[in-house]
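These protein sequence lines map, in sequence, to chains A and B. Residue 473 in the UniProt record's numbering is what sits at position 473 of the first sequence, and the numbering runs on without skipping anything. Residue 60 in the UniProt record's numbering is what sits at position 60 of the second sequence, and the numbering runs on without skipping anything.
Honestly, the hints are just simulated from the structure, not real lab data. All C-beta atoms, glycine included, are put in the ideal place defined by N, C-alpha and C. Among the hints, a few may not be true.
Just so you have them, the derived chain B footprint on chain A, three or more residues with Cβ under 8 angstroms [what the hints assert, rightly or not]:
| hint | region |
| --- | --- |
| 1 | 131 to 144 |
| 2 | 177 to 188 |
| 3 | 318 to 329 |
| 4 | 536 to 543 |
Here are the computed distance ranges between Cβ atoms for each label pair [to be verified]:
| hint | chain 1 | residue 1 | chain 2 | residue 2 | range |
| --- | --- | --- | --- | --- | --- |
| 5 | B | Y142 | A | N139 | 39 to 45 angstroms |
| 6 | A | Q298 | B | T140 | 52 to 58 angstroms |
| 7 | A | D195 | B | A574 | 35 to 41 angstroms |
| 8 | A | N505 | B | Y142 | 34 to 40 angstroms |
| 9 | A | K496 | B | K617 | 52 to 58 angstroms |
| 10 | B | E276 | A | N139 | 51 to 57 angstroms |
| 11 | B | E276 | A | G184 | 39 to 45 angstroms |
| 12 | B | A574 | A | N471 | 41 to 47 angstroms |
| 13 | B | A470 | A | I320 | 51 to 57 angstroms |
| 14 | A | T521 | B | S507 | 28 to 34 angstroms |
| 15 | A | S507 | B | Y142 | 47 to 53 angstroms |
| 16 | A | K20 | B | N505 | 46 to 52 angstroms |
| 17 | A | N471 | B | K617 | 34 to 40 angstroms |
Coverage of chain B stretches by chain A, computed from C-beta distances (three or more under 8 angstroms per stretch; other residues unrestricted) [claimed, not checked]:
| hint | region |
| --- | --- |
| 18 | 133 to 146 |
| 19 | 173 to 179 |
There are 2 protein chains.
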Amino acid sequence: MSTQSTPSLGIEFTTIRSVKDALTLASAQKYDFLVIPIIRKQYGTDLLTNYGSKQLAWPAIASRLKGVGESADMSTALVALIRHVVDVDSSNVHIRNKATKLLQEELAAAQYFSVARVIIRIRNGNITNLTRIAASTLNTLYFAYWFVFPTRVQSNSDDGDDDDAELQPWLWWNKIYKLLDYHGKVYPVLELSADVPSEQAQKRWLGEPVRAVILPTKIFTTNAKGFPVLSPAHQLFIIKLIKLKVQFIIKGINPRDSTLFEPYLQYLKHVTRQTEPTNRVLESFTHGYEDRLQVPLQPLADNLESRTYEIFEKDPIKYIQYEKAIYQALIEKYDQKKPVTIMVVGAGRGPLVNRALEAADRAKYNVHIYAVEKNPMAIISLHAQKQEWGNRVTIIHEDMRSWQPVCKADIMVSELLGSFGDNELSPECLDGAQRYLKDDGISIPYSYTSFICPIQSPRIFSELVYNRDANKPYYANFETPFVVYLHNCFFLAETKPLFTFTHPNFSNPIDNSRFGEVEFTIPTTGTMHGFAGFFDAKLYKDISISIEPNTHSKNLISWFPMFFPIREPITLSANSTIKVNFWRCCSSSQVWYEWTVVEPTTLPIHNPTGRSFSIGK
Amino acid sequence: MSTQSTPSLGIEFTTIRSVKDALTLASAQKYDFLVIPIIRKQYGTDLLTNYGSKQLAWPAIASRLKGVGESADMSTALVALIRHVVDVDSSNVHIRNKATKLLQEELAAAQYFSVARVIIRIRNGNITNLTRIAASTLNTLYFAYWFVFPTRVQSNSDDGDDDDAELQPWLWWNKIYKLLDYHGKVYPVLELSADVPSEQAQKRWLGEPVRAVILPTKIFTTNAKGFPVLSPAHQLFIIKLIKLKVQFIIKGINPRDSTLFEPYLQYLKHVTRQTEPTNRVLESFTHGYEDRLQVPLQPLADNLESRTYEIFEKDPIKYIQYEKAIYQALIEKYDQKKPVTIMVVGAGRGPLVNRALEAADRAKYNVHIYAVEKNPMAIISLHAQKQEWGNRVTIIHEDMRSWQPVCKADIMVSELLGSFGDNELSPECLDGAQRYLKDDGISIPYSYTSFICPIQSPRIFSELVYNRDANKPYYANFETPFVVYLHNCFFLAETKPLFTFTHPNFSNPIDNSRFGEVEFTIPTTGTMHGFAGFFDAKLYKDISISIEPNTHSKNLISWFPMFFPIREPITLSANSTIKVNFWRCCSSSQVWYEWTVVEPTTLPIHNPTGRSFSIGK
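With the hints as constraints, model all of the structure from the sequences given.
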């Protein structure tokens, strides 16, 4: 099964005679849509000339669409190219007013013909009036705005700063998106040129909700067989864009045959095939979850469903690592002649029990396993396996924190980790269980560390802004950590470690509250919308499982990253410093995180007293 | 009647033997409250020493208050001085944890004894943990936090930057207030030193909700009569602080008599008398309205009440200016021998009709006045005066925009101005009325201009954050311009002009929409919370009325400034630039403003399509 379908493809015509003919041409060559100006150039000129002196008849504006533009299919087959937008930000009030009127009429025409997308080319950062007009239509007109940006500013001189030339268009977009308060009907579209963006610039754009990419025919070269192809560097960038599910627009004419567009489509289909996932396991696990916000599980407070266990048991690497760790611990630490007591605390449906048995069999050790589980439904699943396990396994239906066993464990095995390591209260659970770990007993895992990284993720921010729960305070969404498969985002810096927990913990009293201040230096300009969170857990010695990007265990799929939002996006220039404070707070019944940014600007403390999100003990 | 009552006064003791004796001493000398540490120093030392090894009995913490601290009066008579706060931000986790526990116990003790205010001295900017602990109590404990700041950092060397030494404490406060999201139970308290703050530093602090001022006895000198007095510069600053209704705290001992505090109280009473308002008219009009947010009147869409007219008719200067303008227009522009037609459009209860008659009498001109008014209730008031006016006045009950008169006006007099000039739709009304102004007729006023200025006003911002209407979207408060008598605020720059309207307006078509981009340079560090708005109106030639601070007409009391909020406070360093965009937008039935900031950061467009606030035509 291929999860990567062919992108939607369009052709842009800057001037056309007949809309009908153009549509026929495009659809004959298997293109999905057409980008055309919906008003005749003449109409704009007339209006600008006669502004104020007479009113033109409205229908004149879009007479070219009469007949063709009135069928229901038009909404998908046409993308309206909006002309005359530059002058709405003229410093001359008369030019500005005329241009505003014209733009408003163009948009009204697009609406009348049920166009679903309009394209507006942005050529500089002088865009506040244009953006205000867009803002005024967002809740009344139905189409989406596709703002087109070059990948670099055309500089007249050669002494221009290369980084800056690439940065400017992104700054224009950043300004538009902020002015429009991250509205969900607003997207950037990239128009590629012969110069491929630098890696940093690519990453920055890949963090934006890019909806389409315009490929001018002139950036294609011809291969040995006479077909149009792109340079390898272009192709690599395009492969990354395809993963964001962008659409493509071919612009300009085929120099070999002005009406032949199919070779470009063939080429893009060919490139798309190269984006087929190489890792089908990972792909099938993540597909459809890209950037989707999920409230973290609370397996301690809530009993998981069998289905949830089943999903996580499919992890191809996690249990291999546990088996390795148990095996290695057995042979390195224990005498093969003596029985070893292993307690699996939080046994769930039993996968770790199976792995412990396998490890013991492989090492030829005599083990007795206690499977401790509080979830009464999971206990049923455990008992179902009892026949197979025989006397080697004792099933205990108890909360590990209150169970009073008759003997102590040599090895205590648990998997109570959340995306942020401690966020499913592994520390609190294991602290409660270590009473029955022998003095020289070991915990698998014996240590885990959370990691954070500031990220640009406007798509997620937009979702937080617009999908507020009306029954909750306005800040609630921004004070809730989410589990999310981060896809359309840009990592602004290297991840850094935050909180570490080790087991067993012989401190007295044990204090699982934490405070951390972490500083990041941002190598290149971007906008921060929150922090990604990860963990790295040491099972036994250097046998570990990790979702921290630099040490991510291959094929480990059980955990998506965490996302901690911030209430206001912060645009950061290159080499600036972010200073963040994170707290892990504990009360008698709850654990929660609080966080804030204190540099380069100070934000309110997020989630004080766990008011928006906390984890029940 | 004095509107300035004596400030509440307290004495701070850093060490005392008996709370009861101290209270007796303070009240005998007419002080209102006492600032004392509520836990014994020894308790803190014990706790820090024994942390983790044993639990001290809780009551020990505040045993000194037993007996004295349990009466209801204590909540007002005592302010709890919190010790040991520095270590909660130690980088050493053990010290930090101990200090946190101690601080939490101190705060719990303050709560137990119903203390209404706690004082915490801030000595550097390393305060995130302290602030987090405060945040965690704000919604459960009842007392207010008074954070005490020096007016300048004590620098060890002489080469320190003077501005910076004054700026640092304010930055600490700014950080605390932002971290606590402008909570209404959090205040700054200033501790004065021998050095009086510079004028900029004074202004910045006067823009904060300063709740109290601590005066160490050592900054007083002794006057010829042997009484303690402050330097003239200190005194001037204190007079400004008294206007913010601060409380005063005397700290330290009287060098002449360690138990005698009354002379300080006498001195402060003496200074307070100097703050008595010199302008009783203005004072009586503004008293009680300081920083109170009012939704602007909409006299066009709503009919005003008689009471509202009555208040505004009390203005001691507005009508004098109108009379002057009409008089001057008559004698300069018209022939004394011919009758002059004056139309008062929007006549209300008739004050401008009276002034026009007085001007004509004084100039000895023969005038006929049409009093045009749409409000049916105001018409009753007009008719009540008809007998007195006789045939010289014709009362017309019509909307000026639709009235069809039989003759045209020489002079059209109106007062349709709002705090922002055009915000009560004077332009739309006068455009509709100018049909019946003679070709060479004049409008009084003939021009008005709105002005804006970025301001720091955390008190107002706090009100907007915490007094949200649960039935409105979360952003509504921040997209509504308010009328407000600005008091506890700091003007970050010079005001600049925005929109101008002139009458009569012979443009065709008339366009009353406007766009303005205004740049401000900020001379000194501050936090912007929004824009103040003003107007300046030209009645006839240079006869004007203005509320713009640089040209404010003396005693003009009818208009308080406008305030345009912004959604996120922006802290600006000295010499930074603010670039703001303002739009006046018009539809067939509504007029509204949209605004945003695009430098140094970009905010969302505020109030798009007038979604949160608009003015009905």
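Status of the hints after comparison with the structure:
no., hint, verdict
1, 131 to 144, "holds (count 7)"
2, 177 to 188, "holds (count 4)"
3, 318 to 329, "violated (count 0)"
4, 536 to 543, "violated (count 0)"
5, B:Y142 / A:N139: 39 to 45 angstroms, "holds (43 angstroms)"
6, A:Q298 / B:T140: 52 to 58 angstroms, "violated (24 angstroms)"
7, A:D195 / B:A574: 35 to 41 angstroms, "holds (40 angstroms)"
8, A:N505 / B:Y142: 34 to 40 angstroms, "holds (37 angstroms)"
9, A:K496 / B:K617: 52 to 58 angstroms, "holds (57 angstroms)"
10, B:E276 / A:N139: 51 to 57 angstroms, "holds (53 angstroms)"
11, B:E276 / A:G184: 39 to 45 angstroms, "violated (58 angstroms)"
12, B:A574 / A:N471: 41 to 47 angstroms, "holds (44 angstroms)"
13, B:A470 / A:I320: 51 to 57 angstroms, "holds (53 angstroms)"
14, A:T521 / B:S507: 28 to 34 angstroms, "violated (55 angstroms)"
15, A:S507 / B:Y142: 47 to 53 angstroms, "violated (34 angstroms)"
16, A:K20 / B:N505: 46 to 52 angstroms, "holds (47 angstroms)"
17, A:N471 / B:K617: 34 to 40 angstroms, "holds (36 angstroms)"
18, 133 to 146, "holds (count 5)"
19, 173 to 179, "holds (count 4)"
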